[in-house]
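Undergrad: Chains V and E, in that order, are what the protein sequence lines are.
So the first sequence is residues 1 to 168, counted in my numbering.
So the second sequence is residues 1001 to 1455, counted in my numbering.
Don't take every hint at face value.
[To be verified] Straight-line Cα separation of at most 27 angstroms, DSS-like style, residue types lysine-lysine; simulated pairs:
| no. | chain 1 | residue 1 | chain 2 | residue 2 |
| --- | --- | --- | --- | --- |
| 1 | E | K1396 | E | K1040 |
| 2 | V | K112 | V | K27 |
| 3 | E | K1178 | E | K1040 |
| 4 | E | K1386 | E | K1040 |
| 5 | V | K128 | V | K36 |
| 6 | E | K1356 | V | K36 |
| 7 | V | K128 | E | K1386 |
| 8 | V | K64 | V | K112 |
| 9 | V | K128 | E | K1273 |
| 10 | E | K1273 | E | K1349 |
| 11 | E | K1349 | V | K64 |
| 12 | V | K64 | V | K146 |
| 13 | E | K1356 | V | K64 |
| 14 | E | K1280 | E | K1356 |
| 15 | E | K1356 | E | K1178 |
By construction, these hints were calculated from the structure, which means they are not laboratory data.
Note that the coordinates shown come from a computational prediction; the quantities given were computed from them, not determined experimentally.
Single-letter residue listing:
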Amino acid sequence: MITRDLRDDLTSALFHEAELLDDGKVKEWFEGLLTKEIDYRIPVRITRERLSGRGFSEHAWLMKENWHSLRQRVMRLDSEYAWAEDPASRIRHFVTNIRLEEGEGSDRVTVKSNVLLFWSRLDSTDFKLVSGERHDEWVREDDTWKLDARTVYLDHTTLVTPNLAIFI
Amino acid sequence: MNPEVITLPESVRRILDQAQESIPQGLLPISVFNDPDLHKVEMERIFGHNWVFIGHESEIPHRGDYVLRYIGEDAFIFIRDEKGQIRVMWDSCRHRGSQICRAESGNASHFRCPYHGWTYKNTGELVGMPAYKEAYGGWDRSQIRLHEPAQVDSLYGLVFACLDPLTPPLDEFLGGAKWYMDFYHGLGEMEVVGEPHRWSVDANWKLGCENFAGDEHHTLFLHRSMWEVGAIQVPRDRMSDGYHVQIGNGHTIDMGMGPDPDESGIEYMDYPKEITEKFKTGHLSKDQLALARQSVIHVGIVAPNFAQLHLPLTSDAENIPPIPVKTLRVFQPKGPNEMEVWSWCVVWKGVSEEFKELSHRVLMSTFSPSGIFEQDDVVPWLSITKAAGSGFARLKQPLLNYQMGMEGVGVSKPVPDWAGPGTAYSPRFEEGNQRSFWSKWLRDMLVEPSKVSTP
Ligand code: FES
Ligand SMILES: [Fe+2]
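Chain E on its own, in the form it takes in the complex (with noise of 0.2 angstroms):
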């Protein structure tokens, strides 16, 4: 046995054993989703060790910019320095770990210490602290920086870090989950519009991720309002058109396609022609081109945690038709029972002021703490979450149902010759994604991650 995973507490090697047997067969253990030992794990294996989202570089455009995020539960200085060059610093002071950085976004040339005053500059060098001479008589400073992660990169703007050094680099951890995003994100330079809206639901992380794996069969039902009043036209019976693919690593898409685009008006994802024709795709290849014109509805996940979602909507289904609105997502955990989500709404770079205010407008009145979709996708969140803390839970080990899809269960089905990166599967009535999200996350969790440290 992996002498590892003898350290581990005795309810945490019970459920992975468990989950080991059963996530193959489409079966999960509920305990998964709260359980506090399994969390501390969690911080360690799965956030310890995996590329995990910080931010998009136009949230930071100037020098000094910066905004707190959070890898796990740590708060890391997400930044441009003074040189340009984008950090993530963890915000804990060299000196005794006092907090350096208070506010949730600024510019700043310095980063002050609270406690005795040591002081960083935004490129994470100690450059002072009170009292040098009589304090620490000429002492040699000049190696001390604030901690960073051991690898930060980015793809598109959106900009990753990695605590672990061994951990494969960025485009290979992200494998062909770049082919998917070359044909989205690598249509133009998109930006962040606003400030990402946060809020805490009492529920476990990873429900936002399997939810965001793509789940067409929960969008019929939990959100069957959202056809009666109009807010989403796509028909109803046609939800289940388009593909699933699992893509590796966890990484997942899920997109759901219209009409042959030469035949109808839709193209490019429902884009207006204003902002399509701007679209740079020389760097695409024919299939890549083809979903690109023919997709209405893209949603993904790159594990661990960073989540993304595009479809037409409308905040006002009377007088206005259904614009596209595109939300980058994290779900950070905050304990074994609570997270925090993170939405980013995101448009191209040069779309219309109008297009942009009116994308921001129906992306809250939809996705957001306050939008009429994800009011309702906390309901089971909450609920599945105090379940799976219950002495029920403890006792019985319950194994929840992600069988949609496989041999004898349904009827979506690999496509044959499927020209992107990974398998994919139609239509998308399957639990195939969220299947692959797990089997990523168990083999994460069996795993201890190198404990190198930064200098």
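Next comes chain V alone, as it looks inside the complex (with noise of 0.2 angstroms):
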């Protein structure tokens, strides 16, 4: 059942995500908010006819990783030459609209949400937002919830950003 501290215990949950995120804690995040079985992915999206559905790939993606691949891109930000993200890109997430749906059993819920992410880089006074749905699953484990799955359907067909050394 979805109870209200259900609610909660989830939405504090994607709340100290983002900070980690935000806060460049990506080893953390990866560490200590992932589970081994995490499925991570960010399919591509074209424009399609309308009747054609809402054009996710089915066979292409811009993120598609497991924790082994994970833990590369984690550890390849620790590189003295990650140039891309060294600066460091100021971003932000903002999630809001926050569903919960039933998950199997009790330790384990699906949680929709959508986020908007602010990007800038250098000195520049540009800035680009992403913006999408994601769809989670998160479990109970030892008492923290951790994340086990998510898609990110992105509001892009072209990615707006040129490079994704980021998580959404």
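Two chains, each in its own frame: build the complex with the hints.
TA: Structure follows, in structure tokens:
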């Protein structure tokens, strides 16, 4: 059952996650908030005629990650030569419209949320906004809610940022 | 003086005059990377004249399948028509110009213009309009069809189009580049996996092209973190082994070579045996076969803006050894200071689903907007474009350096008795591949393309 407590817990988990990512604590995010089974994906989106659906590809992704490939991404951000994120991007996740659906058992819940991501780099006044919806699976492990699966459905077809060295 | 050149805007003439003097010395005016007037001239003289990559035949396998593609900044429908013929058609209505194809991909027997409803078959013929009798009274519309580029042709499934009827045919345009494609694309039929990645970069399109022409020097430094995490395992100190080839017409290939294939495990660009034993090699000469068997890395461009890259990489160095990935690229201009990068993953038809999936995944992890290789490439490209559009650049006309490999600069030397077309240099630390791209660009920029129109 989706109780008020459960909703509070998951809302806190999402906000905590956003804080870690926005503060550049990607390692803490990876080590503390993801399950070993994590399935993280961002499908490519294309403009299709209305009858053909919303245009999310079933064959191409901007990211399609498991724990190991995420680990390589996170490790590489630690390098002195990770030019894309040094200086770090200034990012801010605005997470809203949080919706819970019951999962299997009391320790698993489906969470949908909308996300708006502010992204700016170096001393430029320019910024980009990335918008999308996230479909997550969260599971309770030792009393902590952890992210088990996420699909980010972007509101963009052609990606608006020159690279994607951050997590949405 | 060429009368055409007189019609050019002052800033363009200045950049081209400077480039004519500097490019032979391995120097390039920085302004070529961000000048609005120069960009307009490029749209005519580069994209109005050259063969431009449209897509791969496997992207539209069935009759009626289409995707939207670009020549310069213009949208074209790339379609397999009802008779199975591959066509490229300008996405603009013959009535009063509206866009008729508004999805990026799909399947259609007809396209109907949203403005007044002129309707075209997927062969391009105009076949209907609402109230035909009342409005047009039996007017003969049978000669009207969508505009098409003057020439469309393909090689090994790669489809190119050219707006200029006077440009030599594709095989002549590719010239020696075909010899090098024979022992990659010619080894078997290839297919595209999934939809291409498209992403927008606030940088000039030529920065992608000159990089993919072959640039190991940046790999060592900009991409150093790739060795730290083990994503690439070709030894760092062997990165210069191999050849840069300036094929002619601005086309280049850059091959990283492994040890002698007869002495070690590597064979055919590191592809697994289950794939290489299906390769067709009967059409290859002894020299082509030797290069195919021994090369590990292939990078190169077909000028002006088509590129390819093949190399073995991994997305999980601890558990999965590197496997070969292959990407086709277009660096599509979108104004003087923006491009859209297009990237297709391709594999040989008939490879196992496991190989296909893993290769696709590894490519995405390394060469894509989220790829840990490619994340870093855009960092310099953004800043070069900014610098190129600055007041300092306009005032001082600074020159950039492309001299590595020229007399007295570096150690790379022409390879004597090179078996293939073009001039090969070894080791790969040299910028002749970039200089050949720029020489071709300059030649094009000095000539007005033919304006002969299609019917
Ligand atoms: S503009 Fe297409 S029907 Fe009129
Ligand atoms: Fe690079």
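Undergrad: Determine for every hint whether it applies to the structure shown.
TA: Tested hints:
no.: 1; hint: E/K1396 - E/K1040; result: 23 angstroms, holds
no.: 2; hint: V/K112 - V/K27; result: 24 angstroms, holds
no.: 3; hint: E/K1178 - E/K1040; result: 31 angstroms, violated
no.: 4; hint: E/K1386 - E/K1040; result: 18 angstroms, holds
no.: 5; hint: V/K128 - V/K36; result: 32 angstroms, violated
no.: 6; hint: E/K1356 - V/K36; result: 24 angstroms, holds
no.: 7; hint: V/K128 - E/K1386; result: 17 angstroms, holds
no.: 8; hint: V/K64 - V/K112; result: 19 angstroms, holds
no.: 9; hint: V/K128 - E/K1273; result: 46 angstroms, violated
no.: 10; hint: E/K1273 - E/K1349; result: 15 angstroms, holds
no.: 11; hint: E/K1349 - V/K64; result: 23 angstroms, holds
no.: 12; hint: V/K64 - V/K146; result: 18 angstroms, holds
no.: 13; hint: E/K1356 - V/K64; result: 14 angstroms, holds
no.: 14; hint: E/K1280 - E/K1356; result: 19 angstroms, holds
no.: 15; hint: E/K1356 - E/K1178; result: 26 angstroms, holds
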